[in-house]
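So the chains spell out like this:
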Amino acid sequence: AAAAGDLPGGPKNNQLDLHDPVTRIASDIQVLHYFMLVVCVVIFVAVFGVMFYSIFKHRKSRGAKPANFHESVIVEIAWTIVPFAIVIVMGMAATRTVVAMKDTSNADLTIKTTGYQWKWGYDYLKGEGEGIGFMSTLDVSQRLLSDQAKPAGDNYLLKVDNPLVVPVNKKIRIITTANDVIHAWMVPAFAVKQDAIPGFVRDAWFRAEKTGDFYGQCVELCGKEHAYMPIHVKVVSQAEYTAWVDSKKKEIAAKADDPSKTWTLDELITRGQKVYAANCAVCHKPDGSGAGPIKALDGSAVVKDADKLKEIGIVLNGKGGMPAWKTLSDTELAAVISYTKNAWSNKTNQIVQPADVVAARK
Amino acid sequence: MSAVLPPHAAHDHDHAHDHHDHHAPHGWRRWLFATNHKDIGTMYLLFSFAMLMIGGVLALCIRAELFQPGLQFFNPELFNSFTTMHGLIMVFGAIMPAFVGFANWMIPLQIGASDMAFARMNNLSFWLLIPAATMLVASFFMPGGAPAAGWTLYAPLTLQMGPSMDAGIFAMHIMGASSIMGSINIIVTILNMRAPGMTLMKMPLFAWTWLITAYLLIAVMPVLAGAITMTLTDRHFGTSFFSPAGGGDPVMYQHIFWFFGHPEVYIMILPAFGIVSAIIPAFARKRLFGYTSMVYATASIAILSFIVWAHHMYVTGMPVTGQLFFMYATMLIAVPTGVKIFNWIATMWRGSMTFETPMLFAIGFLFVFTMGGFTGLILAMAPIDIQLQDTYYVVAHFHYVLVAGSLYALFAGVYYWGPKWTGVMYSEVRGKIHFWGSLIFFNVTFFPMHFLGLAGMPRRYADYPLQFTDFNALATIGAFGFGLMQVYFFLFVCVPMMRGKGEPAPQKPWEAAEGLEWEIPSPAPFHTFETPPKLDATATKVIG
Amino acid sequence: MSAATPQGVTPYYFVPSPSRHPAMAAFGLFLVILGAGQWINGADWGKWSLAAGLLVWLSTLYFWFRDAIGESESGLYSERVDASYRWSMSWFIFSEVMFFAAFFGALYWARVFAIPMLGDLDHQVLWPDFRAVWPSVSPGATASPADIVEPFRIMGPWPIPTINTCILLTSGATLTIAHHAVIANERSKAILWMWITVALGITFVGFQAYEYIHAYRDLNLKLSSGIYGSTFFLLTGFHGFHVFVGMLMLVFITLRLMKGHFTPERHFGFEGAAWYWHFVDVVWLGLYFLVYWL
Ligand code: HEA
Ligand code: HEA
Ligand code: CUA
Ligand SMILES: [Cu+2]
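Protein chains in written order, with this note's numbering: chain A, 10 to 371; chain B, 584 to 1127; chain C, 3 to 296.
None of these hints come from the bench; they were simulated from the model.
Note that beta-carbon positions come from the ideal geometry of N, C-alpha and C, so glycine has one too.
Worth double-checking, as some hints may not be accurate.
Straight-line Cα separation of at most 27 angstroms, BS3-like style, residue types lysine-lysine; simulated pairs [stated by the list, open to error]:
| no. | chain 1 | residue 1 | chain 2 | residue 2 |
| --- | --- | --- | --- | --- |
| 1 | A | 74 | B | 785 |
| 2 | A | 74 | B | 1015 |
| 3 | A | 168 | A | 264 |
| 4 | A | 283 | A | 304 |
| 5 | A | 111 | A | 283 |
| 6 | A | 159 | A | 304 |
| 7 | A | 270 | A | 258 |
| 8 | A | 294 | A | 304 |
| 9 | A | 180 | A | 111 |
| 10 | A | 135 | A | 179 |
| 11 | A | 168 | A | 21 |
| 12 | A | 69 | B | 1117 |
| 13 | A | 159 | A | 283 |
| 14 | A | 259 | A | 180 |
| 15 | A | 74 | B | 1091 |
| 16 | A | 328 | C | 224 |
| 17 | B | 1015 | A | 69 |
| 18 | B | 1124 | A | 74 |
| 19 | A | 111 | A | 135 |
| 20 | A | 257 | A | 219 |
| 21 | A | 283 | A | 294 |
| 22 | A | 283 | A | 319 |
| 23 | A | 111 | A | 179 |
| 24 | B | 1124 | A | 69 |
| 25 | A | 304 | A | 328 |
| 26 | A | 283 | A | 179 |
| 27 | A | 66 | B | 1015 |
Partner residues are not named here, just some residues of chain B that face chain A (Cβ under 10 angstroms, in silico) [unchecked claim]:
| no. | residue |
| --- | --- |
| 28 | 742 |
| 29 | 1046 |
| 30 | 1096 |
Reference excerpt, derived from the structure (chain B facing chain A, CB under 7 angstroms, subset only) [stated by the list, open to error]:
| no. | residue |
| --- | --- |
| 31 | 733 |
| 32 | 780 |
| 33 | 784 |
| 34 | 905 |
| 35 | 911 |
| 36 | 912 |
| 37 | 928 |
| 38 | 937 |
| 39 | 1034 |
Just need the whole structure built from these sequences, with the hints factored in.
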């Protein structure tokens, strides 16, 4: 495979230790880990030093005669009490950090992250940027490289279309939940890892002390694309953040489509192609050929069927392994369905308008 | 004639070893209709070895896919099935039945009983494993492929699985029933069938650890059955135990599962402690240090194991008090486990040691298991676990305790008691090759996984960022080497012993071994202790 | 028969000779799980496999128990074997306790943690209309977070569960009377009280069946009625099933009594069934308070 360089904010080549900490908590944890490592290695060396000494000294081939003792209450008590004390010290060392990690109060910015099979959705709930919301998906080209066994790039499997953007030195509260199965949101440099549980909300927090790009991955088995739902957090200065919020808001306003609008086929196809690439191509492949249990769309009877409701129904509600795509907007759904009905060899000339989707949703 | 398989066909009978015993049933009926604890023990051991091979091949498929980044051989769904089935088959098919096989063979011999308390039920326990294993393996060929939700079978992912999930659930019900019956049998045998004079506190530690293990099994297997039954009804009968839309909770599954799951991991290690406690004194030529505290330590581990389960769930979002409680409780387990380690070393201290293969594996066990124990302790610390949860660090931890712990102890036991089972000594040279090869390749495989985990590589991943490539390649090489060593073990150690090839074993091949199993000929005759033996004051010798 | 023991002598410990029952039972269960797994996934042949498996399994059990009873009655079981049976029955009941513990645990978790959490302030992001009350139906609140559950009414403790409680408690008493009669060697009295116990058991199961019909037909309370329905039916259902099994045990014991089995000193079969019955009784008390009252 192709060699890669270290990825700042992500894994380094042959990294031996936790990620370089970017939050207080992460550095606390690194210290705790060193502490544990040292204590454990010291005990280990001591205990097995004794054992190996005994193995070399007290072997039959050196003429050792077995001693007769087989009990000593004092020794037994000693080696119960001492480890007990060590363990308590270890626990106490960690307690402060446990409490600190759980204190999600007084956040500057609250962001809800939702795990979907297989992408992340981010909604800015409170603080600057309130109202922004978008999906974050693995770059399709990387997913294809994986299939072709031709991995490449320092950020292989970590590149997303829309990274999460947060300001530096602000307390960010992440609320996690999920739409289908359990996922987990992790960014090692921040020492954040929190299961995203369908139907429930959980929270975690971080205050990044450096700007830059930081990467993580989904860490709870969530089905076949579990390895392909990375997390990319962009930490930017306050000024950059404010600028980003502005542009994002404008973008959203521009995108807010009116579902009652009627589109031309070409418009829908152009729009649909983008939607397809961002959502469907992972499984159905950019050329619509599917793979294994995943149905091919190219030439598919359902896609080409004159009854538009058939395809709309499956896309909206899912079927078998196919997830439900209710979360896409009516226009996006209309566009992508129109696209599949006309792409590749499916030249059906059928057109699905947002209004059709609105009707089918009921 | 015990476990000696005849040279040509398994169902043919080797009369050379059989002249003293004409009651032994013949042919396939001997095995299918068995009521003899030794025969059933042999079947358990062979079954578990077959499962180790299947689970091992799955592990090698996993490692082959992970040798290089990118998807080379398998699609991610199949990869997840491999992971899931590897875990399930190793835990329920390989390790647990292997220990039951040891229990069957050794407990009646060690306590001077004629057989297991319920000989027919004993056979049922074994034969239930066959349908269960068949269903599990067959699930690969069902529509939708084998279950792919991890061996922990977390809801709601299990609710998305195909029909094979139900096959898997029923298979686990059956295996649970088998374990419960097996445990009842073991407990009753130990409590009720000891020879006069074999008081509880004179019993070999292997019997003690199994007594406590069996208790754990009876306490937690039904809980697992409950959890997967809820999964089943959620899948097919409209209940909402794990579905929040109906007021249920996916995390509830995890609590119930780990209430089973954590004691389960001690189920897989306590009998190993028992085996090691028999071997170390034998080769140190010195009595086991601190017998009483060993018993108490085992019991404490068992009791503590019921109150630590949520250390698998730190990232599900527990209240602070929950995290703290489970962190402290988990760490406490280091204390009784430490007592055991120290006792073993004190047993070696000022002994007169020799290093035949059983002893090598026992020392290897001590050394490598302790490393796994320490990584366990590091994981027990909640803040660190939040960094490491569901990464390869955890994979490294549990293979250190399961492979270098349970599996090594099993190997040690096979070398130690194998001569008694088959009447033949293994080859010491081959045993040493097996030991050193396994030890080295084991560490090559699993040590790099610590680094992968610290660097954040998640588990159950079919593909990974390029920075993780080298350690993964190394682990894969190690895994294949480790696998080859086990093939070597089977072909060059086990098969010759089973065919009766090699030096005939004396009644007591180990100079300082103690216990009733060494008071009977090798191979152990078909029936032993039909009338209870008279024992000396230490309950280790038969005096009439 | 144990190979080394001459006829007519009670061996020190009875070890049965090779037997086909275990393998047959395992084979039966194989057909059961194969069939069940396929049937619930829509394969029609599954039910035949299931039925065949149950048949094989039950008939095997019948012959197996017949053999064991034969061995017992022909005096092959020593005191020690008797003690083994006692131990094994106690541990088996312990395993059953733990099985129920899983479901009681689910009920506890749902009521004390899950439902309140789903209804708390944080979760209003997801479930704005849900109110945390138990049972998960009440005026002004959706019956479940996602409102997927049809409205239903709950099963109160009155009157059937209370009647059933009395029935089970009474049956415990009648069983004890029968036991004392066995000890006093008053066989016909024992048989009479056993049949009374069995009748009480049948009544219990009958009431329970009626209650289920009532739940489905009148209360719209179903397996699919959210977490309330899930815990209600699985707890009471598994309990009902255990009552049924316990009742079968009592029937067989009574038939054995009528055949002249058991002596005042040795009647483990009787006691085992009685322990099981009392266990079922205790579980019911738990259900009665936790499921119906609280
Ligand atoms: C044989 C099996 C076995 C054994 C014995 C253990 C033993 C221990 N395990 Fe492990 N564990 C597993 C099998 C096992 N584990 C498995 C299979 C998983 C993963 C499941 C999954 O998710 O799939 C797991 C996961 C796991 C986790 C969850 C990780 C995660 O998913 O995030 C944790 C966290 O606390 C943990 C902790 C421990 C501890 C503290 C011990 C202790 O018992 C260890 C005690 C031993 C020692 C500490 C060493 C000897 C002691 C001394 C020499 C005394 C002196 C020492 C001191 C005073 C420090 N284990
Ligand atoms: C209980 C015991 C047990 C044992 C003994 C093993 C043994 C091994 N395990 Fe296992 N493992 C688990 C229990 C066990 N494991 C569990 C519970 C999980 C978690 C599952 C989950 O996440 O749900 C897991 C997960 C797991 C993973 C993580 C998968 C993932 O997260 O995606 C990996 C990866 O390397 C792995 C590797 C191995 C290897 C290389 C061995 C080796 O030791 C195996 C050696 C044996 C053989 C190889 C067989 C003998 C050889 C042949 C039959 C011939 C062919 C051989 C050659 C040609 C060389 N295991
Ligand atoms: Cu999402 Cu793993
Ligand atoms: Cu654990």
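Hints, one by one, checked against the model:
1. A hinted pair counts as satisfied when its Cα atoms are at most 27 angstroms apart, and residue 74/A with residue 785/B qualifies at roughly 25 angstroms.
2. As the CA atoms of residue 74/A and residue 1015/B are separated by approximately 25 angstroms, the hinted pair is consistent with the 27 angstroms bound.
3. As the CA atoms of residue 168/A and residue 264/A are separated by approximately 24 angstroms, the hinted pair is consistent with the 27 angstroms bound.
4. Proposed proximity of residue 283/A and residue 304/A is supported: the alpha carbons are some 20 angstroms apart, at most 27 angstroms.
5. For the proposed pair residue 111/A and residue 283/A, the alpha carbon gap of about 40 angstroms is over 27 angstroms, so the pair is violated.
6. As the CA atoms of residue 159/A and residue 304/A are separated by approximately 24 angstroms, the hinted pair is consistent with the 27 angstroms bound.
7. The hinted pair formed by residue 270/A and residue 258/A meets the criterion: a straight-line CA distance of about 22 angstroms does not exceed 27 angstroms.
8. Restraint check for residue 294/A and residue 304/A: the C-alpha separation of about 10 angstroms stays at or below 27 angstroms, so the hint holds.
9. Distance check on the hinted pair: residue 180/A and residue 111/A sit about 13 angstroms apart at the alpha-carbon level, within 27 angstroms; holds.
10. Annotation: proposed proximity of residue 135/A to residue 179/A holds, straight-line Cα distance about 13 angstroms (limit 27 angstroms).
11. For the proposed pair residue 168/A and residue 21/A, the alpha carbon gap of about 16 angstroms is at most 27 angstroms, so the pair holds.
12. For a cut-off of 27 angstroms, the pair hint linking residue 69/A to residue 1117/B is broken: about 33 angstroms separates their Cα positions.
13. As the CA atoms of residue 159/A and residue 283/A are separated by approximately 24 angstroms, the hinted pair is consistent with the 27 angstroms bound.
14. Between residue 259/A and residue 180/A the CA atoms are separated by roughly 25 angstroms; this keeps the pair inside 27 angstroms, and the hint holds.
15. Restraint check for residue 74/A and residue 1091/B: satisfied, since their Cα atoms lie roughly 21 angstroms apart, inside the 27 angstroms limit.
16. Distance hint between residue 328/A and residue 224/C is fulfilled; the C-alpha atoms sit about 26 angstroms from each other, no more than 27 angstroms.
17. With a C-alpha separation of about 18 angstroms, the suggested pairing of residue 1015/B with residue 69/A holds against the 27 angstroms cut-off.
18. Annotation: proposed proximity of residue 1124/B to residue 74/A holds, straight-line Cα distance about 23 angstroms (limit 27 angstroms).
19. The straight-line distance between the Cα atoms of residue 111/A and residue 135/A is roughly 19 angstroms, inside the 27 angstroms bound, and the hint therefore holds.
20. With a C-alpha separation of about 23 angstroms, the suggested pair residue 257/A and residue 219/A falls inside the 27 angstroms cut-off, and the hint holds.
21. Only pairs whose Cα atoms come within 27 angstroms are accepted, and residue 283/A paired with residue 294/A is accepted, the gap being roughly 13 angstroms.
22. For the hint pairing residue 283/A with residue 319/A, the CA-to-CA distance comes to about 22 angstroms; that is within 27 angstroms, so the pair holds.
23. For the suggested pair residue 111/A and residue 179/A, the alpha carbons sit about 17 angstroms apart, so the restraint of at most 27 angstroms is met.
24. This hinted pair checks out: residue 1124/B and residue 69/A have alpha carbons roughly 25 angstroms apart, not beyond 27 angstroms.
25. At most 27 angstroms may separate the alpha-carbon atoms for a hinted pair to count; residue 304/A and residue 328/A meet this at roughly 11 angstroms.
26. About 34 angstroms separates the Cα atoms of residue 283/A and residue 179/A, which puts this hinted pair outside 27 angstroms; it is violated.
27. Proposed proximity of residue 66/A and residue 1015/B is supported: the alpha carbons are some 21 angstroms apart, at most 27 angstroms.
28. Using the Cβ-Cβ criterion of 10 angstroms, the hint placing residue 742/B at the interface with chain A is satisfied: the shortest such distance is roughly 8 angstroms.
29. Given the 10 angstroms rule on beta carbons, the hint for residue 1046/B holds: about 5 angstroms separates it from the nearest Cβ of chain A.
30. With a least beta-carbon distance of about 14 angstroms to chain A, the hint placing residue 1096/B at the interface is violated under the 10 angstroms criterion.
31. Against a cut-off of 7 angstroms between C-beta atoms, the interface hint on residue 733/B holds, since the closest Cβ of chain A lies about 5 angstroms away.
32. Given hint, residue 780/B at the interface with chain A, is violated; its Cβ is 20 angstroms from that chain's nearest Cβ, farther than 7 angstroms.
33. Using the Cβ-Cβ criterion of 7 angstroms, the hint placing residue 784/B at the interface with chain A is not satisfied: the shortest such distance is roughly 13 angstroms.
34. A least Cβ separation of about 10 angstroms between residue 905/B and chain A goes past the 7 angstroms threshold, and the interface hint is therefore violated.
35. Taking 7 angstroms as the C-beta cut-off, the interface hint given for residue 911/B holds, the closest approach to chain A being about 5 angstroms.
36. Interface hint at residue 912/B: violated, since its Cβ lies 10 angstroms from the closest Cβ of chain A, which is beyond the 7 angstroms cut-off.
37. At about 5 angstroms, the closest approach between the beta carbon of residue 928/B and any beta carbon in chain A falls short of 7 angstroms, and the interface hint on this residue holds.
38. Taking 7 angstroms as the C-beta cut-off, the interface hint given for residue 937/B holds, the closest approach to chain A being about 5 angstroms.
39. Restraint check, residue 1034/B versus chain A: the minimum CB separation of about 5 angstroms is within 7 angstroms; hint holds.
Violated hints, listed in ascending order, are 5, 12, 26, 30, 32, 33, 34 and 36; each of the other numbered hints is respected by the structure.
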